[in-house]
Amino acid sequence: MAPRAKRDNQTEDRALIGWDGIRFTVPGDWNVTGVSADRANGYLKVDSPQTMFLQVKWADPSAARPRTLAGMVTQMLRAVRKQPEPASDSPDLRPTLEAYLKETERRARKQRQQFDCKIRPQTSEAGGERVAVHFTWTGGGVGQGKIWRCTTCRRTVIAQVVGQGKDPVADVAASVFSDMRDHPEGGWTVWGLFDLVMAVPQSFVLRSHKFLSGYIRLEFGDRREGRILAERWGLASIARKKFTIREWLGQMGEAQKHGSEYADVTANGHPAVRATGRVSGLLATLGAVRDSLPSVRPATEYEACAWECDETNKLYVLQTWRPRGASSLMGDLVARCECH
Amino acid sequence: MRVPLGELLQYYAARYLPFVRAKQVPDRGALMGLRPVRNDAITWEENESGEAELSIPYRKDRFAKAVAFLVHLPEARRVQLDEVGTFVWKLCDGSNTVEGIVRAMTKHYKMNRAEVEASVGRYLQMLAERRFIGFYRRGGAQR
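Here the protein sequences line up with chains A and B, keeping their order.
Quick note: the first sequence uses our numbering, first residue 1, plus one each step.
Quick note: the second sequence uses our numbering, first residue 1001, plus one each step.
Bear in mind the hints are in silico, worked out from the structure with no lab data behind them.
C-beta atoms are modelled at their ideal positions from N, C-alpha and C, and glycine is treated no differently.
Please note that the accuracy of each hint is not assured.
[Stated by the list, open to error] Below, simulated BS3-like cross-link-like pairs (lysine-lysine); rule was C-alpha separation at most 30 Å, straight line:
1) B:1107 / A:210
2) A:257 / A:241
3) A:242 / B:1065
4) A:210 / A:166
5) B:1090 / A:241
6) A:242 / B:1090
7) A:242 / B:1107
8) A:45 / B:1090
9) A:57 / A:45
10) A:45 / A:118
11) A:102 / A:82
12) B:1110 / A:45
13) A:82 / A:118
14) B:1107 / A:241
15) A:110 / A:57
16) B:1107 / A:166
17) A:210 / A:57
18) A:210 / B:1110
19) A:241 / B:1110
20) A:166 / A:242
[Unchecked claim] Chain B residues, not near chain A, derived (Cβ > 12 Å throughout):
21) 1055
22) 1121
23) 1135
The task is simple: from the sequences and hints, build the whole structure.
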């Protein structure tokens, strides 16, 4: 599903947050303040400007790395044969939730607060796709959340909205949980934070991220399909006084390094520059070979697209490296990158 | 914006020593309510490109006079702010709170509020450390 269609359904003051398959909307002034890049045991924290915040934790058994040699061999064979992970037994959500609440209780008691929690009976949600348990607690704040296990992606997710006495925790929790998704749909994973909303193919995993004031960078990789680098700069009006978009792409991106050819195109309704080149030079080629191992198809075909969004005063640069003969992802990436 | 060393030590002592009482650390709301005001001793003007050029006079104490006797020093040193710095500098007139500056910048540059808050906070802290600005709270003392 395209993120644009998703966002069009939301009211103006909602922001889409997407991280590793987890996707939901929050009030527009809420922002991500904590993330983990571990796919097996993920964490996401979104803060409001005041005292409320949202915490999401998830465990993904299919992404966990095997710890024994036998496990590694089994996983490798499964990957070669393209077999799905075997179905594991459905874990009991209640002990996990009780352990989580015990930790919350310990924190409340440290602050000498009375702790009280209510756990509702297990229910089936999303047309039987999820088994969920809702809970609320008070003590050193107010929390409302739920824990669920998705039968499609086999993730166990625990999410809660926490606030202080007068905060509308119940209302916010209801709106956040109503549209929360826990796995990619249509083969694309939506990533959204700090006004950047984009989607990458599901097989790409996050390799690195950088969040600076006015600059966001997300790098994804897939050993077979190559590499994707998405960057977003703020204050485009100031940057553009000194550089054209072509110069920006050449210097800030890697277009110049790869001897690219440039072409003027349109991206999301804005004038854009597209560059195509090839990884050349011994060191760069060896680097591409190393990144692709154990596959023997190094990602040497370079493609980039840069544009300025006047409406949001931001510069977007998308760069991809793919193996020779693989189809280009750039058109889809640009179409799924929301700039305004 | 910067926590004085004494307060910081008191804060850490209170964490480990039960008989020491921690001084209340100002919360985010209180910090956002502070009003930055430019140092009166600093004169400034805008150049053709709209960037502020500050003229900061050197110290006039005995030590500075002794140094000036040995080495030729100009009357003032000049600092040029960039476009965004000038935007914030102009708003440091004592009538705008930090919150107001954050809002104005978010609107003017169409930036994400969290990003603006972090960068404006750091920038104002840097200006305060160099004594280009001070902070006051309406009804409170100047810092």
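We went through each hint and held it up to the structure:
1. B:1107 / A:210: holds (24 Å)
2. A:257 / A:241: holds (23 Å)
3. A:242 / B:1065: violated (43 Å)
4. A:210 / A:166: violated (35 Å)
5. B:1090 / A:241: Holds, because 21 Å separates the two Cα atoms, which is no more than 30 Å.
6. A:242 / B:1090: Holds: residue 242 of chain A and residue 1090 of chain B sit about 23 Å apart, inside 30 Å.
7. A:242 / B:1107: holds (23 Å)
8. A:45 / B:1090: Between residue 45 of chain A and residue 1090 of chain B the Cα gap is close to 35 Å, so the pair fails against 30 Å, i.e. violated.
9. A:57 / A:45: holds (9 Å)
10. A:45 / A:118: holds (23 Å)
11. A:102 / A:82: violated (41 Å)
12. B:1110 / A:45: holds (24 Å)
13. A:82 / A:118: violated (43 Å)
14. B:1107 / A:241: Satisfied, since the Cα-Cα distance of roughly 20 Å is no more than 30 Å.
15. A:110 / A:57: Within the cut-off at roughly 23 Å; holds.
16. B:1107 / A:166: Distance ~29 Å between residue 1107 of chain B and residue 166 of chain A Cα, so the pair holds.
17. A:210 / A:57: holds (21 Å)
18. A:210 / B:1110: holds (20 Å)
19. A:241 / B:1110: holds (17 Å)
20. A:166 / A:242: violated (49 Å)
21. 1055: Nearest chain A Cβ is 24 Å from residue 1055 of chain B, so the label holds.
22. 1121: Incorrect as stated: the minimum Cβ-Cβ distance to chain A is 10 Å, not above 12 Å.
23. 1135: holds (20 Å)
Taken one by one, the earlier hints fail for this structure at numbers 3, 4, 8, 11, 13, 20 and 22, listed in ascending order.
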